[in-house]
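Assemble chains G and S onto chain V, guided by the hints.
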Amino acid sequence: MTRRAPAWPTVLAAAAGAATVTLFLRLEAQWEIALLALMVVAAALAATRLGLLGRFEASSAAHPRFALGATLAAALAVTALLHDSHFELLMLATVALYVTACLGLTLQLGYAGVVNFAGAAFFGIGAYTAAVLMTHSALPHLLVLALGGMLAGLIGSVLLLPMLRTRGHYAALITIAFGILFRTFLEVNDTLGGPQGLKVPGLEVGGFSFNAPVFLGAQREASFYLGYTLLALLLAAGTFVLVKRLERSWVGLSLDAVRSDETAAAAYGIDVARWKIMAFTAGNVLAGLAGALYATMAGFVAPASFTFGDSLLMLSIVLLGGSGNPLGVIPAAVLVVVLPEKLQVIQEYRLLLFALLVILILRFRPDGLLPRRMREYFPGWRQT
Amino acid sequence: MDLGLAGQFLLNGLVLGVIYAMVAVGFTLFFGVLDVIKFSHGDVVMAGGFTALAAFAVLRMLGLESGMMAALILAVAAMAAMAVLGTLVAKFLVLPLKGSPPLNTLLITLMFGLALREAVRLFYPGGSNPKPFPRLLPENAWTFGNFTLRLDSALLLLIGIGAILGVQVLVRRTRLGLAIRAVAQDAETATVMGIDLKRIVLLTFALGSALAALAGVANGLYYSEINFSMGLLLGVIGFSSAVVGGLGSVYGAIIGGALFAALQTIGAIWFSVPAYKDVFAFACIIALMAWKPTGLIAERPAERV
Amino acid sequence: MRRLATVLALLAAACGAASARDTVQLAFIGPLTGGVAANGLGGRNSADLAVRLRNADPGARYRYQLTVLDDECKPNVGVQVATKAAADRRVIAAVAHYCSTVAMGTVDVYHRFGLPVVVWGAVLPDITYKNDFDEIHRVNGTMINQNEVAARFMTGLKYRRWVVIHDTTDYGKGHNQYFSEYLKSRGGEIAGTFPVGAEQQDFNAELTKIKELKPEVIYFGGLTPIGVRIRSQMDRLGISAVFQGTSGIVSDAFIEGLGPLAEGTLAFREGAPVDKLPGGRHFIEQYASQKYGEPPEAYGPFAFAAANLIMDAIEKVGPDRRKVLGELNATRDRDSIVGKITFDDHGQNTVALITKFIVQDGKWVVWEDSDYAKGRRKLPRS
Numbered sequence: 001m002t003r004r005a006p007a008w009p010t011v012l013a014a015a016a017g018a019a020t021v022t023l024f025l026r027l028e029a030q031w032e033i034a035l036l037a038l039m040v041v042a043a044a045l046a047a048t049r050l051g052l053l054g055r056f057e058a059s060s061a062a063h064p065r066f067a068l069g070a071t072l073a074a075a076l077a078v079t080a081l082l083h084d085s086h087f088e089l090l091m092l093a094t095v096a097l098y099v100t101a102c103l104g105l106t107l108q109l110g111y112a113g114v115v116n117f118a119g120a121a122f123f124g125i126g127a128y129t130a131a132v133l134m135t136h137s138a139l140p141h142l143l144v145l146a147l148g149g150m151l152a153g154l155i156g157s158v159l160l161l162p163m164l165r166t167r168g169h170y171a172a173l174i175t176i177a178f179g180i181l182f183r184t185f186l187e188v189n190d191t192l193g194g195p196q197g198l199k200v201p202g203l204e205v206g207g208f209s210f211n212a213p214v215f216l217g218a219q220r221e222a223s224f225y226l227g228y229t230l231l232a233l234l235l236a237a238g239t240f241v242l243v244k245r246l247e248r249s250w251v252g253l254s255l256d257a258v259r260s261d262e263t264a265a266a267a268y269g270i271d272v273a274r275w276k277i278m279a280f281t282a283g284n285v286l287a288g289l290a291g292a293l294y295a296t297m298a299g300f301v302a303p304a305s306f307t308f309g310d311s312l313l314m315l316s317i318v319l320l321g322g323s324g325n326p327l328g329v330i331p332a333a334v335l336v337v338v339l340p341e342k343l344q345v346i347q348e349y350r351l352l353l354f355a356l357l358v359i360l361i362l363r364f365r366p367d368g369l370l371p372r373r374m375r376e377y378f379p380g381w382r383q384t
Numbered sequence: 001m002d003l004g005l006a007g008q009f010l011l012n013g014l015v016l017g018v019i020y021a022m023v024a025v026g027f028t029l030f031f032g033v034l035d036v037i038k039f040s041h042g043d044v045v046m047a048g049g050f051t052a053l054a055a056f057a058v059l060r061m062l063g064l065e066s067g068m069m070a071a072l073i074l075a076v077a078a079m080a081a082m083a084v085l086g087t088l089v090a091k092f093l094v095l096p097l098k099g100s101p102p103l104n105t106l107l108i109t110l111m112f113g114l115a116l117r118e119a120v121r122l123f124y125p126g127g128s129n130p131k132p133f134p135r136l137l138p139e140n141a142w143t144f145g146n147f148t149l150r151l152d153s154a155l156l157l158l159i160g161i162g163a164i165l166g167v168q169v170l171v172r173r174t175r176l177g178l179a180i181r182a183v184a185q186d187a188e189t190a191t192v193m194g195i196d197l198k199r200i201v202l203l204t205f206a207l208g209s210a211l212a213a214l215a216g217v218a219n220g221l222y223y224s225e226i227n228f229s230m231g232l233l234l235g236v237i238g239f240s241s242a243v244v245g246g247l248g249s250v251y252g253a254i255i256g257g258a259l260f261a262a263l264q265t266i267g268a269i270w271f272s273v274p275a276y277k278d279v280f281a282f283a284c285i286i287a288l289m290a291w292k293p294t295g296l297i298a299e300r301p302a303e304r305v
Numbered sequence: 001m002r003r004l005a006t007v008l009a010l011l012a013a014a015c016g017a018a019s020a021r022d023t024v025q026l027a028f029i030g031p032l033t034g035g036v037a038a039n040g041l042g043g044r045n046s047a048d049l050a051v052r053l054r055n056a057d058p059g060a061r062y063r064y065q066l067t068v069l070d071d072e073c074k075p076n077v078g079v080q081v082a083t084k085a086a087a088d089r090r091v092i093a094a095v096a097h098y099c100s101t102v103a104m105g106t107v108d109v110y111h112r113f114g115l116p117v118v119v120w121g122a123v124l125p126d127i128t129y130k131n132d133f134d135e136i137h138r139v140n141g142t143m144i145n146q147n148e149v150a151a152r153f154m155t156g157l158k159y160r161r162w163v164v165i166h167d168t169t170d171y172g173k174g175h176n177q178y179f180s181e182y183l184k185s186r187g188g189e190i191a192g193t194f195p196v197g198a199e200q201q202d203f204n205a206e207l208t209k210i211k212e213l214k215p216e217v218i219y220f221g222g223l224t225p226i227g228v229r230i231r232s233q234m235d236r237l238g239i240s241a242v243f244q245g246t247s248g249i250v251s252d253a254f255i256e257g258l259g260p261l262a263e264g265t266l267a268f269r270e271g272a273p274v275d276k277l278p279g280g281r282h283f284i285e286q287y288a289s290q291k292y293g294e295p296p297e298a299y300g301p302f303a304f305a306a307a308n309l310i311m312d313a314i315e316k317v318g319p320d321r322r323k324v325l326g327e328l329n330a331t332r333d334r335d336s337i338v339g340k341i342t343f344d345d346h347g348q349n350t351v352a353l354i355t356k357f358i359v360q361d362g363k364w365v366v367w368e369d370s371d372y373a374k375g376r377r378k379l380p381r382s
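Protein chains in written order, with the working numbering: chain V, 1 to 384; chain G, 1 to 305; chain S, 1 to 382.
Each statement offered as a hint is correct.
Derived CB-CB ranges, DEER-like:
no.: 1; chain 1: V; residue 1: 375; chain 2: S; residue 2: 68; range: 47 to 55 Å
no.: 2; chain 1: G; residue 1: 10; chain 2: S; residue 2: 353; range: 46 to 54 Å
no.: 3; chain 1: V; residue 1: 72; chain 2: G; residue 2: 291; range: 42 to 50 Å
no.: 4; chain 1: G; residue 1: 10; chain 2: V; residue 2: 375; range: 55 to 63 Å
no.: 5; chain 1: S; residue 1: 260; chain 2: G; residue 2: 10; range: 26 to 34 Å
no.: 6; chain 1: G; residue 1: 72; chain 2: S; residue 2: 377; range: 31 to 39 Å
no.: 7; chain 1: V; residue 1: 261; chain 2: G; residue 2: 123; range: 39 to 47 Å
no.: 8; chain 1: S; residue 1: 369; chain 2: G; residue 2: 10; range: 43 to 51 Å
Just so you know, these hints were derived from the structure itself, not from any lab.
We treat Cβ as the ideally placed atom computed from N, Cα and C, and that holds for glycine.
Isolated chain V (complex conformation) (with noise of 0.2 Å):
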């Protein structure tokens, strides 16, 4: 009676995935690329009108060891393709990094209801401790990621007494004027750089520096962002385990409770502060890890890449995704963080056609994307 899902969606989704984000990333002329949007829409409308969506869900939710193998074989290989490519490989790594962080917003968000919208001040945590550990003190500098994460979440630990006592609208001030006061605090505050921002140096582990060009071979010169792309794509496809992991177990099972309705949790037994705490905490360390590797790659920070329109930003990656589909946020980033850079005529409206295009989601798909499932408990059953 139950079958489990094949695997050929799953292998087919990881190579159409893995050659559309190669091509959209190498192709230069803007005609080309347009086109490869408007083909990849339309493959995505047929997709959706085929079932395919639901038959590769079904075959990832059937078999998640061998998905998360495919999507990292998928892409390893399109970092093997760019490997020469500067600009592509740091697109690339940029995208592994938004997907970690609004993976942090997805659990404060998509799962437990908190409504965050400093998310790129927590980032830009991250990314300041980076900046000011790794240029003043000798710490290991993975050691320096780390903390970057745990500043990140402490400093979001003080909003927590005003987040809980409060609800909805009331929560959400609170985030957007912590936003503000992080940025106007940074710009005003000549300790941290000012307006002028910081310098970060490069990566260092164990004496091998990240930003020392790369040899493969004796010929071939592979960009010096390899490292950093790799470490992104690690650090992306752990969290993305470890989310996927929470959402399955009681853990989840609490935290959509607590969004789902309050009361109704806290009259079965269920600890809401606890369950929130536990979110927006672990959300912000995420978002404070990605934000702290972003900082030693880019090389520099300044309070003005951390403002009010970022954190709405990656908010709309949430959303635009699938608010709480953890898989949704993948080709969200890559639309919000790769099409403004390829498609030049769209570059500056960029900001105004995502606004746009989250109202028109809001109104019409409100799920998104990829809308989150149901939750299964035998995954991969079918009913026959």
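Quick look at chains G and S alone, frame taken from chain V:
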């Protein structure tokens, strides 16, 4: 600090407080009537300012470009345009999402505000640069020692207070106001009593947006400049003021606006680097929210369990 | 056999066609949007003019293409576009930056990727002097001379008491540092220093405090948008001090924003006004003939000179970043429309002349030509 200087700080703070209060009253009206936070309100303020600027360009072509009359025409043009915009937002973005979680409405209006800001930046000629706003109010000044009172500052103060009091009178003393308060208290019963819910909502949004437009014109006249990003901070401050004062209460919005301006002024005087005043004011807001989660004039929330 | 011959012939023809000039890419980076966009657009047009003139020259070995990037006068955006330009192997060199704050952030990027850069408008000395990067050159002068002349001139006019307002970017801080130093050495008194945010709107708090200090002159180290706001709010509070600025406010946008309030504002800028430059007339004529939508503004000629310097280097050694870098580093007494260019060991050109400006009747007028210098009009409290 001598009396004249203190007076100067007080005057500055008052004008700011009145502008913030105008924005806050809008927030509170929308919330009262539909339980929604229309986050694009700040950007409506900005759009009102730009509409006035565009109207000024037209006036200039017709040669009627100076004096209080021109200021009046600008204000009326901006208020009318924004009233229409507010109504459209209510009709197409807010009302259709009535049943869904309030977060969605917050987000959709937030995104609309972003879209409005970007649209002005991209499509208004020279929109991304700060634009000079015409000086239309008389600039006579009286100086008493360290204290300088300019006529236009006083006028703006009076107009702002007048507008807010006008809204308060409207809400408390007229039939329309009665309908608004009825809808705010209990929408279902109000419908049963024969009040056209949709019409009242649209009217309330028009009213709030017109008030925002007035705030935008006042802002432009006060600083002699407008720019496309001024709505963001103003919106957040207006929202904070409304929340701290207590959403749903017009008095609360006024108190909140005055409080925020006071916090900023105190911060400016206290810190040697006046630029810390925003950090100080927002930190106080967060602390206030922790102390009084539903605002100073507390909302009486009723929740269906 | 016939087919092979045709194919070979076609190939040969293709190669022949390809040996017509190769395209070489140059990048232009400047603030095309935002408060100082006028300067960025002027610089872009000037660089574009240089490229067009070069492409029209039949003796040129290469065909040049200008890749234009907008740094929005924000350091983080600047770093992003600089990375984009530098990471693109087809871009051989760049004409970069009007905003000092952006340049301070991007010098590391250019060094990391080995992209030779000639700065055309940023005046902060640290851009060339705080690092040992070979890649960074600059054709315009630094703010050191500007502030030295300013201090000397203003104390010469018998002013004694100042208040300094500066923005908190490296640009504003640099101006504060140098001006205060020179002023104190000439016996001027600085009653207070007020750092302000680069995007700040409301200055009433700072200005009210300043009113209490009763300065004769308010020195402003920052860019046009803030300058406009401060001057306007000064008037509202009844402060009648002289307003003295730097090269950052010498722009038409400053006068446009203030109207009659701009009258009597002083400012100092390195380099001569365009028409007094050696190649100035020629530049103005050529610029006008292209019918650009915006004027070249103060630093347009420098962008023009920078672009030409780079193209000269490419003509000589070919489109190779390292070779062009070596060629640029060896620039000595090169003629250009802004005078002779020599790069010292930090890649800095020396521009000795500082021009003093004052706003008179809605225009920036050179001090010596103004009614104020001739005594026909008076500055307040002079």
